[in-house]
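Chains F and L supply the protein sequences, listed in that same order.
Using the working numbering, the first residue of the first sequence is number 1, and each one after it goes up by one.
Using the working numbering, the first residue of the second sequence is number 1, and each one after it goes up by one.
Everything labelled a hint here was simulated from the structure, so no lab data went into it.
The structure displayed is predicted, hence computed values, not measured ones.
One should not assume that every hint holds.
DSS-like mimics (lysine-lysine), calculated; alpha carbons at most 30 Å apart, straight line [to be verified]:
1. 111(L) x 23(F)
2. 23(F) x 212(L)
3. 104(L) x 157(L)
4. 15(F) x 45(L)
5. 133(L) x 115(L)
6. 132(L) x 110(L)
Pairwise CB distance ranges, derived in the manner of DEER restraints [as the list claims (entries may be wrong)]:
7. 23(F) x 62(L): 28 to 36 Å
8. 26(L) x 16(F): 29 to 37 Å
9. 126(L) x 218(F): 35 to 43 Å
10. 214(F) x 170(L): 26 to 34 Å
11. 8(F) x 139(L): 39 to 47 Å
12. 193(F) x 62(L): 50 to 58 Å
13. 62(L) x 16(F): 30 to 38 Å
14. 63(L) x 6(F): 34 to 42 Å
15. 26(L) x 98(F): 51 to 59 Å
16. 16(F) x 232(L): 38 to 46 Å
17. 187(L) x 2(F): 26 to 34 Å
18. 178(L) x 214(F): 26 to 34 Å
19. 10(L) x 193(F): 44 to 52 Å
20. 52(F) x 139(L): 44 to 52 Å
Glycine included, each C-beta is placed from N, C-alpha and C at the ideal position.
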Amino acid sequence: MTYLHSIGEYFIMLKGVFGRMTKAPVLRNLILKEINELIIGSLGIVAFLSFFIGAVVAIQTALNLNNPLIPKSLVAYAARQSVILEFSPTFISIIMAGKVGSFITSSIGSMRVTEQIDALEVMGINSQNYLIFPKIVAMFTYPFVIAISMFLGILGAYCAAVLGGFVTSDQFITGLQDDFIPFHLTYAFIKTILFAFILATVPAYHGYFMKGGALEVGEASTTSFVWTSVILIATNYAVTQLLLS
Amino acid sequence: MIEVKNLYKSFQGQQVLNGIDYVFERGKTNLIIGQSGSGKSVFLKCMLGLFKPDKGTIEYDGKPFSNFSDVEQRELRKEIGMLFQGGALFDSMTVEENIMFPLKMFTNQKKSESKARVREVLERVNLEGTEKKMPSEISGGMQKRVAIARAIVNKPKYLFCDEPNSGLDPKTATVIDNLIQDLTHENDITTVLITHDMNSVLEIGERIAFLKDGVLAWKGTKSEIFQTEDETVTDFVYSSNLFQKVREAQNKKL
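Whole structure, please, built from the sequences with the hints as guidance.
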C-alpha cells in the first residue's frame with residue numbers, strides 16, 4: 001500500500017511541477033544555476049570515470065583475446081559497443097544518482113526541514129514548480145554529458161590499447177568502424193533522456209515529501225539513491241527490450 | 001482584521017481545534033498563547049491556508065477565505081508576511097537576495113528600486129551593511145531580524161509570527177518583540193503572534209488568546225492577565241515562581 005501511495009504522490013507532484021509557472025526571468029536564472037550545479041559540476045568526475053573505464057575495457061578485452069583467429073581490431077569494436085550501449089548511459093547515470101541525486105534530495109529535504117518550502121507556499125509561490133522544474137530542464141542538457149563520456153571512453157580505450165601496445169592505431173580505427181549501427185546511438189540517447197528525467201524527479205520526490213530533521217535528510221538521500229538506481233535499471237531493461245530486441 | 005468563526009480541525013480522528021471564535025484586530029499585536037500541543041500551530045496554519053479547516057470560516061477583512069478563487073488567494077498571499085520559527089531564510093541566497101525575494105516574485109520594480117527598499121527595511125531592523133552576507137554567517141538574532149525584514153518588505157497587511165523569539169537570549173528577544181510591535185503600529189498591520197514566552201505576553205500582549213485543548217479558554221489583554229482569577233490561565237502563565245511574585249507585586253500596586 002505504501003508503494004502505491006508513493007507512486008500516486010509522485011505523479012501528483014509531477015502535475016504540480018508542470019502547474020502554475022514561476023515568473024520567467026526568475027525561472028531562467030534558476031535553470032542556469034541548476035545547469036551549473038548539476039551538469040557542469042559533474043563533468044570532472046564523469047570525464048575521469050569514462051576515460052579509465054574505456055581504458056580498462058580495452059585492456060581486459062585485449063588480454064582475454066588469446067585466439068589467433070579473432071582479429072585484434074575486435075578490441076576497439078568491443079570497447080565501442082560497451083561504452084556506447086551501457087557504460088556511458090547506464091553506468092554514468094547510476095553514478096550520477098549518487099552524486100546529483102543525493103544533492104537534490106538533501107538540498108530540497110533540508111529546505112523542507114527548515115520550513116523554507118512552507119515559506120515559499122505562504123508567499124503564494126508554487127514550490128514544486130519553483131524547486132523541481134528548473135532541475136528537470138537543467139537535466140535535459142545531461143545527454144551532452146553522456147556524449148562527452150562516450151567520446152572520452154573510446155579515447156581512453158584507444159590510449160590504453162594503442163599506447164599499451166596491444167593493437168596498432170590502424171587496427172583500432174578499423175575495429176571502431178566495424179559493423180557500426182547508427183541506431184545504437186539513437187537508442188543510447190533515448191534512454192539517456194529518460195534517465196535524465198528520473199535523475200531529476202525521483203530524488204526531488206524523496207526530498208520534497210520527507211518529514212523529520214537532519215537525520216532524516218541523510219536517510220532520505222540514501223533511500224533516494226537506492227530507488228533512483230532501481231528505477232534506472234528497470235527502465236534500462238524495459239527500453240532495451242523495446243528498442244533493440 | 002481577521003475574523004475566525006466556529007473553527008474545527010481534526011487529524012485522523014483526533015480533534016485539534018474545537019470550535020474557535022476570535023477576532024484579530026488591525027494595528028494591534030494579537031497573541032496566541034498555550035501549552036505545546038494545544039493547537040496553536042494548527043490554528044496558525046489554518047489561517048494561512050496551509051491546512052483546510054473541517055468546519056468554520058476565516059474571514060480576511062470580511063471576506064471568507066474559503067470563497068477565494070485561486071487568483072484571489074494568490075493576491076491575498078502577497079499581503080501576508082510570515083515569520084517562521086527558525087527564520088526559514090533561503091540559505092543559498094545572501095541577506096539582500098532573501099529580502100528582495102518577495103519583491104522579485106511579485107512586483108515589477110527595477111533592481112535599483114528594490115535595492116533601495118531592501119536598504120530601507122534593513123535599516124528599520126538595524127542591520128545596515130549585512131547585505132552581502134550569507135544567512136549562515138550571521139547570528140541567530142540577526143537571522144530573525146532578516147526574516148522580519150523579508151516579511152515586511154512587501155508592506156503586508158497581515159503579519160504572522162510563529163514563536164519569534166524562541167532560542168534567543170532575553171535581551172535580543174525583547175528587541176525582536178518591540179520591533180514587531182513598533183512595525184505593527186507604524187504600518188497598521190494585523191499581527192498574529194504565537195508564543196509561549198511570558199516575557200512577550202507581558203511586554204507586547206495587546207490582545208491575548210489562550211488556547212487549551214483546542215478551545216479558546218480565555219481572552220483579554222496584558223493588564224487583564226495580571227488580575228484574572230481564571231485557574232487554567234494562572235496555572236499556565238504563572239507556572240514559574242518569578243512570575244507569581246511579579247503578579248503579586250503588580251496586583252498590590254493596583
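ask   = Among the hints numbered above, which are violated by the structure, and what are their numbers in rising order?
value = Of the numbered hints, 2, 17 do not hold.
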